[in-house]
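Trainee: The listed protein sequences correspond, in order, to chains A and B. Its first residue numbered 162, the first sequence is counted upward by one per residue in the working numbering. Its first residue numbered 162, the second sequence is counted upward by one per residue in the working numbering.
FYI, nobody ran anything at the bench for these hints, they're computed from the structure. Just so you know, not all the hints are guaranteed correct.
It does not matter which identical chain is used: a pair holds within one copy or between any two.
Stated by the list, open to error - Straight-line alpha carbon distances no greater than 30 Å define the calculated DSBU-like cross-link-like pairs of lysine-lysine that follow:
#1 Lys189 to Lys238
#2 Lys539 to Lys500
#3 Lys218 to Lys205
#4 Lys551 to Lys305
#5 Lys545 to Lys471
#6 Lys163 to Lys356
#7 Lys305 to Lys545
#8 Lys218 to Lys456
#9 Lys561 to Lys376
#10 Lys500 to Lys218
#11 Lys163 to Lys315
#12 Lys163 to Lys238
#13 Lys243 to Lys352
#14 Lys324 to Lys163
#15 Lys500 to Lys471
#16 Lys539 to Lys218
#17 Lys479 to Lys163
#18 Lys188 to Lys218
#19 Lys188 to Lys529
#20 Lys527 to Lys218
#21 Lys452 to Lys529
#22 Lys243 to Lys324
Small disclaimer: the values here were computed from a predicted structure and weren't measured.
There are 2 protein chains.
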Amino acid sequence: MKNISQRISLVPASPIRKLVPFAVEAKKQGVTVYHLNIGDPDIKTPDVFIKSLQNWKRNPISYGQSQGDPEFLEGLKNYYHKLGYPFIQIAHIQVTSGGSEAIGLTFFAVCEPGDEVLTFEPLYTNYNSYATIQGISLVPVLTKPDTGFHLPKKIEIEEKINKRTKAILICNPNNPTGTVYTRDEIEMLVKIAQKHGLFLIADEVYRDFVYDGNKHVSLLDYIEKMPNQIIVLDSMSKRYSLCGARLGMLISLNADLMAGILRIAQSRLSAGLIDQAMASHLMEVPSSFFKEVHKEYQNRRDILFEGLSKIPRVTLEKPEGAFYCIVGLPVLNAEDFCKWLLTDYRLHNETVMLAPASGFYSSLGKGKNEVRIAYVLKISSLKKAITILKNGLIKYLHTKNTRLQTRK
Amino acid sequence: MKNISQRISLVPASPIRKLVPFAVEAKKQGVTVYHLNIGDPDIKTPDVFIKSLQNWKRNPISYGQSQGDPEFLEGLKNYYHKLGYPFIQIAHIQVTSGGSEAIGLTFFAVCEPGDEVLTFEPLYTNYNSYATIQGISLVPVLTKPDTGFHLPKKIEIEEKINKRTKAILICNPNNPTGTVYTRDEIEMLVKIAQKHGLFLIADEVYRDFVYDGNKHVSLLDYIEKMPNQIIVLDSMSKRYSLCGARLGMLISLNADLMAGILRIAQSRLSAGLIDQAMASHLMEVPSSFFKEVHKEYQNRRDILFEGLSKIPRVTLEKPEGAFYCIVGLPVLNAEDFCKWLLTDYRLHNETVMLAPASGFYSSLGKGKNEVRIAYVLKISSLKKAITILKNGLIKYLHTKNTRLQTRK
């Protein structure tokens with residue numbers, strides 16, 4: 162009997178989701194679990210989307226077009242025009258089943274098996290998964306807490322480039338670090354990509370989540386100058402609290418690339434019709450929605466940073482954007498701690514779920530004492546989660562020490 | 162500047178969709194286009210699904226679980242129990258973004274790059290696309306009109322099996338031929354798979370569409386006997402007129418395979434939440450819906466077969482199931498004819514769109530004078546489409562002959 166493929170065994174389990182069975186078990190026991198493990202916002206989806214479902218008339222629910230539904234594509238075009246990029250046309254947009262599909266399509270479109278994509282770690286864990294699925298190598302350049310996970314010097318980046326390097330990939334604002342790259346950093350990458358003839362890919366899913374009055378620097382600022390090299394990945398999920406509507410976008414001015422991507426898109430027929438019909442109302446979302454959401458996240462960021470900073474031997478940088486941060490813990494094995502919180506620890510019958518950070522590194526052995534925290538819960542829940550984490554950590558360290566001493 | 166990948170250029174354009182721009186152009190000119198090119202039924206989606214959208218309450222629209230939403234999984238389990246397979250548990254089901262994702266996941270899970278999957282042509286075109294994307298070879302065994310596209314002898318199948326063969330894939334009822342395999346044929350495949358230790362994969366998306374009182378023979382009948390080898394692919398699209406809700410299913414009792422597939426599923430986070438919440442009502446669809454749909458399709462099949470059989474030099478076998486058939490035409494290049502119908506031919510300002518059949522073969526050069534027809538339109542439209550096809554064909558042959566004579 163033939164075995165399943167070797168390559169499927171290489172696909173890593175998601176650090177965000179692999180502990181889910183333990184959370185499910187805890188909930189079965191009546192325990193409240195605060196989910197800081199996943200960027201699944203509790204912010205309400207704008208009314209205009211919900212109402213478009215409630216007013217649903219279309220029947221049958223038939224296939225959409227492979228590039229995307231015309232009304233949704235028109236809405237997206239208007240969104241990018243309003244954002245300041247009036248040159249973006251419908252031909253430059255491919256609608257994807259979530260930002261995830263946009264990652265997979267991009268890797269496939271720019272790399273042969275064995276090719277390399279240079280990126281910065283800690284990194285969004287699913288870049289790893291898609292690289293494995295597509296048979297390509299992610300080559301990570303390490304970024305560090307003491308520089309707020311900002312980019313290293315040009316020479317440190319360039320020394321990782323070789324003949325097999327096809328692209329540089331950034332996530333900006335960054336998941337999992339919360340770093341927002343400066344214009345100088347973006348221009349450094351633009352110059353490197355120009356010099357070495359590389360594709361330059363930006364995942365800008367968190368474009369709207371930049372705090373303290375700073376501005377996001379989009380690769381769309383440079384896409385007319387490098388029309389064949391720049392690819393921007395985007396998503397409806399975070400901006401509009403639409404994670405469960407699987408809608409992402411891939412933006413490129415490279416006609417050959419878009420034609421190839423459309424052929425792959427045809428093989429999966431279309432993205433969801435209902436999701437797209439709903440999301441085609443994106444330009445009707447009032448600007449007050451984004452203002453409130455922005456304010457809410459900045460508050461959450463402040464409360465998380467303040468709360469965690471007070472816990473002895475816990476280290477973190479103040480995130481500049483997105484809604485994540487990498488947190489160093491005084492433990493040897495953060496995954497064991499995350500699992501223990503779900504299986505063994507309760508405070509007033511509540512616990513917290515975190516994502517172990519080792520899965521956010523491409524280099525083996527990195528991030529073992531770190532977790533990624535998503536501050537996607539309302540402030541009252543976030544405060545409780547911080548208290549649980551603090552008390553849980555003390556208890557865990559005590560338990561582990563006792564165990565160690567007992568063994569002696 | 163680096164080029165896009167070679168492998169993306171190998172992905173074939175969909176024969177079902179590549180002529181779409183010409184159809185769009187015709188519609189812009191006010192021409193009615195009857196779509197016989199794609200299996201996108203005009204049957205109304207059952208009320209219970211539409212109502213669940215109209216009663217939508219959930220907010221925010223958050224991520225679903227990677228395996229599938231619990232309520233939808235429960236509904237699917239009940240569906241398979243009612244179908245006669247009470248041993249199927251939720252652990253045996255993976256929800257996919259359309260049947261398409263199930264095909265891609267399966268190929269990835271059972272094959273290394275360069276491995277072979279044996280299948281029968283004409284074949285569902287997207288098997289070709291996914292094989293190319295996954296770097297595997299589809300090895301086709303030819304089936305022929307004079308045997309109603311039924312399977313060839315065991316020896317003809319076995320002689321295509323070698324060390325790299327990992328699986329046999331069938332589509333039953335078949336898209337694009339409309340063939341429904343007999344129990345003898347299915348048991349022959351079961352024996353071959355047992356003898357050679359191969360995975361045996363059945364795409365049973367059209368399970369409900371079997372005519373003339375015949376019964377569908379599902380691989381689920383054999384899955385307990387070969388729990389590690391059989392994989393069944395399924396979809397909500399055709400059965401419930403839900404093509405635009407991207408929901409498919411993969412059924413396997415192989416725990417290692419399901420664990421690997423779940424890890425890939427985690428990397429794309431989840432299938433659509435709204436689609437799944439809607440589809441979780443599947444057991445509430447009244448049996449009268451299926452009865453009426455079945456009757457309607459059998460009528461359409463009869464009318465199509467009768468109508469096309471009367472056109473001189475047009476050849477087809479009476480389809481036994483699904484809602485497709487392969488039709489031989491007296492032309493040298495069916496793709497040119499299909500394109501010409503969209504660009505140059507109108508009957509009372511109407512025309513018809515067909516899918517050239519060459520893309521439904523894996524072997525180069527096959528199917529050049531054939532089209533695939535999907536009989537998914539109501540009978541009045543179908544009759545008009547047949548008349549257009551008949552008159553269009555006469556005109557096309559006349560035009561071509563005139564051109565040829567002019568050239569002489």
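Trainee: Each hint: holds or not?
Mentor: Cross-check of the supplied hints:
no.: 1; hint: Lys189 to Lys238; in the structure: between (45 Å within a copy, 21 Å between copies)
no.: 2; hint: Lys539 to Lys500; in the structure: within (23 Å within a copy, 56 Å between copies)
no.: 3; hint: Lys218 to Lys205; in the structure: both (24 Å within a copy, 12 Å between copies)
no.: 4; hint: Lys551 to Lys305; in the structure: within (24 Å within a copy, 70 Å between copies)
no.: 5; hint: Lys545 to Lys471; in the structure: within (15 Å within a copy, 76 Å between copies)
no.: 6; hint: Lys163 to Lys356; in the structure: between (47 Å within a copy, 11 Å between copies)
no.: 7; hint: Lys305 to Lys545; in the structure: within (29 Å within a copy, 68 Å between copies)
no.: 8; hint: Lys218 to Lys456; in the structure: between (36 Å within a copy, 26 Å between copies)
no.: 9; hint: Lys561 to Lys376; in the structure: neither (44 Å within a copy, 62 Å between copies)
no.: 10; hint: Lys500 to Lys218; in the structure: neither (46 Å within a copy, 33 Å between copies)
no.: 11; hint: Lys163 to Lys315; in the structure: between (48 Å within a copy, 20 Å between copies)
no.: 12; hint: Lys163 to Lys238; in the structure: between (49 Å within a copy, 28 Å between copies)
no.: 13; hint: Lys243 to Lys352; in the structure: within (27 Å within a copy, 62 Å between copies)
no.: 14; hint: Lys324 to Lys163; in the structure: between (36 Å within a copy, 10 Å between copies)
no.: 15; hint: Lys500 to Lys471; in the structure: within (23 Å within a copy, 70 Å between copies)
no.: 16; hint: Lys539 to Lys218; in the structure: between (34 Å within a copy, 20 Å between copies)
no.: 17; hint: Lys479 to Lys163; in the structure: neither (51 Å within a copy, 37 Å between copies)
no.: 18; hint: Lys188 to Lys218; in the structure: between (37 Å within a copy, 23 Å between copies)
no.: 19; hint: Lys188 to Lys529; in the structure: within (27 Å within a copy, 59 Å between copies)
no.: 20; hint: Lys527 to Lys218; in the structure: neither (52 Å within a copy, 43 Å between copies)
no.: 21; hint: Lys452 to Lys529; in the structure: neither (37 Å within a copy, 58 Å between copies)
no.: 22; hint: Lys243 to Lys324; in the structure: neither (39 Å within a copy, 57 Å between copies)
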